[in-house]
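All chains should be modelled from the sequences, with the hints used to inform the complete structure.
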Amino acid sequence: MVELVQGWLLRPNFIAFVTLFLLGLYITVTHHNLLKKLIGLYLVQTSVIFFLVTTSAKDGATVPILMPGKTAIQPDAYVNPLPHVLTLTAIVVQVATLGVSLALVAGIYRKYGSLDEDEVLKKLE
Amino acid sequence: MIESRHDSVIVRRLSRGLIPLVQIFALYILFFGQYNPGGGFVGGVMLGTSLILGILVFGPTDPLTVVTKRIAETDGVGLMIFAAVGGLCLIGGGQFLNYAELEIPGLAAPSRRSLGIILTQIGVAVDIAVTAVSIVFSLSVMSGNGDSHG
Amino acid sequence: MSDHLPILVFLIPFLAAICMPLVGLNNPGRCRPLALTALGGMFLLSVATLWRILSQGAIRYAFSGWAPPTGIEWVADEIAGIMVLVLSALAFLSLLHTRQDASAELAGRTVPYHAIVLTLVSGLTGMVYSGDLFNIFVFLEIAALSGYALVGVSGGRALVSAFRYLIMGSLGASFYLLGVSYFYAATGTLNMADLAQRVPDLLASKAVIGGLSFMFIGLGIKMALMPLHGWLPDAYTDAPDAVSPLLAALVTKVALLAWIRILYWVLAAGSYGMIIEIFGLLWVVGAFASVGGAVLALTQQDLKRRFAYGGLAHIGLILVGVGQGTQAGVTSGLFYLINDAVMQCLLFIMAGAIGSRYGVRTLDDLGRTRLPTPWIITGFVVAALSMIGLPPTGGFFGKWYIVLSAIENENYVAVVAVVLTTVLTMAYFIQVLEPMLRDGETGPRSPEIETPLQLRLSAGVLSVAIIGLGLWSDRIVQVLLHATSRLGL
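So the protein lines, in turn, are chains A, B and C. Residue numbers are given in numbering that gives the first Met the number 0: position 113 of the first sequence equals residue 112, and the series is strictly consecutive. Residue numbers are given in numbering that gives the first Met the number 0: position 57 of the second sequence equals residue 56, and the series is strictly consecutive. Residue numbers are given in numbering that gives the first Met the number 0: position 485 of the third sequence equals residue 484, and the series is strictly consecutive.
No lab work stands behind these hints, which were simulated from the structure alone. Hints are not guaranteed to be accurate.
[What the hints assert, rightly or not] Here are the in silico distance ranges between beta carbons for each label pair:
#1 B:E102 - C:P373: 21 to 31 Å
#2 C:P373 - A:E124: 48 to 58 Å
#3 B:E2 - A:S113: 51 to 61 Å
[Unchecked claim] Result set (DSSO-like, lysine-lysine): computed pairs, CA atoms no more than 30 Å apart in a straight line:
#4 A:K110 - A:K35
#5 B:K68 - A:K110
#6 A:K35 - C:K205
#7 A:K121 - A:K110
#8 A:K110 - A:K57
#9 A:K35 - A:K122
[What the hints assert, rightly or not] If you only want the chain B side, here are some residues facing chain A, beta carbon under 10 Å, derived:
#10 F30
#11 A99
#12 L138
All C-beta atoms in this analysis are idealised placements derived from N, C-alpha and C, irrespective of residue type, glycine included.
If you want it as structure tokens, here you go:
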């Protein structure tokens with residue numbers, strides 16, 4: 000048991016990711032306001048993207064941008080650039096999802112006059 | 000949200016000076032994205048932000064807003080630039096987006112790849128700027144707007 | 000030139016979608032011909048691609064010239080070829096069958112509607128061809144975002160259904176991305192062919208098992224596997240009638256195809272004598288979904304809702320086939336997937352037709368009015384025969400092969416589930432067909448609206464396709480067996 004907890008403490012990125020993910024999921028499920036649900040969804044997506052980018056970390060390495068003037072490139076000096084690329088793409092997907100969801104929420108507000116989930120569902124009956 | 004132009008003359012004057020500065024900075028980030036952090040996505044967001052500032056401050060009747068609305072209706076131009084660059088690579092004989100096969104005389108393969116990447120980043124920046132502006136137009140309440148664009 | 004066919008098949012609808020805002024700027028009437036031409040061209044090119052794949056083998060397309068596993072590649076094998084052919088044909092027919100002036104339903108949003116339909120089709124094409132796990136995620140999200148917008152296009156009720164679909168779908172995509180990052184952290188690569196060489200050694204590691212579970216949940220939400228199906232009935236019912244066939248036929252099926260790829264091609268599960276425990280989970284969940292969907296369909300009054308639950312049952316059936324872990328199982332599952340896409344398209348086209356033309360949306364409406372429309376009734380009957388699984392339609396052969404593969408595996412519970420689903424499907428279809436085919440009824444007769452040519456064309460082609468899938472089933476299954484023979488099952 001002690002080794003298990005020590006293993007967790009050695010990996011702070013997992014702890015941060017799990018906290019953010021569960022917090023976002025909780026917000027999405029429990030809050031009634033539609034915009035707050037979207038904020039929870041955004042937190043969930045951000046936590047997954049954060050986890051993806053932390054898989055690139057290396058001990059004592061720097062950002063994956065080639066420093067000018069050096070002739071030989073040591074791969075150990077730079078972090079793994081592939082997860083950074085995947086993160087960029089995932090962020091763009093997240094922004095697009097946010098755009099579509101805000102358009103839907105704006106339409107719901109115009110049609111039903113309320114952003115509260117219970118009121119909207121009642122008006123649908 | 001965009002009923003009329005902003006009341007305060009200070010805000011209007013400052014914006015008149017700030018908007019070109021933001022756009023120049025956006026272009027700097029776009030083109031220096033080859034060697035520093037940056038690139039097409041961030042440059043496009045900043046370009047779009049400068050236009051949104053103009054729309055919010057100057058109101059619906061200003062020429063800036065009218066021109067931006069016309070630009071926002073031609074939504075696909077940025078992606079067309081991207082697809083055109085990829086298609087030119089196809090025509091040159093390589094795979095899609097294989098910039099080494101662009102038919103540009105006098106450039107070696109690495110320079111062609113660099114040129115291809117910067118062209119696609121320009122397309123991405125234009126597309127993101129237009130998207131940001133069109134989101135603001137769709138969500139706002141403006142005369143002659145509303146449900147027309149969906 | 001023919002090496003570039005996969006990307007050309009993708010580029011045609013994509014370029015048409017990009018050019019749509021410019022084309023429709025001053026004259027929205029130009030959008031529909033452009034969209035139909037693009038989808039028609041895509042269909043012809045997909046026929047050429049399938050011809051090339053069948054004669055010369057799979058096409059591996061490396062983008063930007065960088066060879067895999069460093070670069071991104073697309074793999075066009077027989078399954079992808081058939082799937083893209085079906086996709087383009089169904090998209091073309093779904094777009095064709097709507098009236099020219101369906102603008103009342105679209106609320107004047109013609110230009111964005113056509114552009115988004117084309118982005119949906121291109122996103123699904125990319126997902127089918129993709130040979131890379133992250134590429135599947137990107138195209139999954141492109142298709143999903145287009146789906147959310149299309150469900151909400153008619154406004155009102157549909158906006159709330161689209162919002163629910165968006166929240167659940169985005170959660171599903173986040174789970175899938177989490178699974179992909181676990182796989183990347185464990186192996187260091189995202190290419191499916193490369194993963195197939197590295198993952199089987201790591202199957203005991205918690206990272207791979209965790210990643211696999213997250214991917215299963217994520218794709219399970221996207222393919223509406225019971226009990227993760229909450230978004231589907233509302234989304235299919237409230238979507239406009241022009242859009243439901245496209246969504247119902249394609250989106251969940253392509254997500255299911257992505258899961259089959261991950262299970263068999265990446266994990267190489269079941270091959271070399273290694274049957275891992277996930278198959279037990281799969282066929283049990285599939286059996287539960289198929290029986291549950293059919294039971295819930297019996298209780299629905301609204302016609303489109305009834306067919307939506309029927310679709311859920313079919314996803315379960317496909318998973319029962321896939322979950323057997325044998326080559327016969329996965330081949331039968333894939334064959335039934337293709338059949339199901341065609342059947343659902345025809346069914347929703349017919350339901351939308353009687354809904355929008357005659358105002359018949361629930362079972363009570365069906366009992367009250369008589370429909371003097373031989374084309375629509377024939378389409379309904381053919382779709383019903385195929386969904387129930389009666390020869391000579393394709394549905395019968397699909398279910399037959401699934402049952403055979405389950406018997407081969409001595410999995411009699413699955414056989415019972417399939418038979419039970421068939422009986423329940425027959426029950427809920429008889430409830431629909433009986434008022435339609437009743438003779439000598441004293442109800443008011445609907446006015447004779449001439450069935451337009453587009454609807455006749457769509458219904459006719461799809462009905463012939465369903466029967467053709469049945470008659471040529473052994474040829475198609477031979478092609479699928481050849482495709483799955485390299486899995487080492």
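Hint check results:
1. The hint said 21 to 31 Å for the Cβ distance between E102 (chain B) and P373 (chain C), and at roughly 58 Å that hint is violated.
2. For P373 (chain C) and E124 (chain A), the Cβ-Cβ distance of about 38 Å falls outside the hinted range of 48 to 58 Å, so the restraint is violated.
3. Between E2 (chain B) and S113 (chain A) the C-beta distance comes to about 23 Å, which lies outside the given range of 51 to 61 Å.
4. As the CA atoms of K110 (chain A) and K35 (chain A) are separated by approximately 19 Å, the hinted pair is consistent with the 30 Å bound.
5. Proposed proximity of K68 (chain B) and K110 (chain A) is supported: the alpha carbons are some 25 Å apart, at most 30 Å.
6. Simply put, K35 (chain A) and K205 (chain C) have alpha-carbon atoms about 34 Å apart, too far for the 30 Å limit, and the pair is violated.
7. Under the criterion of a C-alpha separation no larger than 30 Å, the hint pairing K121 (chain A) with K110 (chain A) is consistent with the structure, at around 13 Å.
8. Taking the CA atoms of K110 (chain A) and K57 (chain A), the gap is about 51 Å. The hint is violated against a cut of 30 Å.
9. Taking the CA atoms of K35 (chain A) and K122 (chain A), the gap is about 20 Å. The hint holds against a cut of 30 Å.
10. A cut of 10 Å between beta carbons decides the hint on F30 (chain B): the least distance to chain A is about 16 Å, and the hint is violated.
11. Because the closest C-beta pair between A99 (chain B) and chain A is about 20 Å apart, greater than 10 Å, the hint is violated.
12. Interface restraint check for L138 (chain B): the shortest CB-CB distance to chain A comes to about 5 Å, inside 10 Å, so the restraint holds.
When held up to the earlier numbered hints, the structure conflicts with 1, 2, 3, 6, 8, 10, 11 and fits the remainder.
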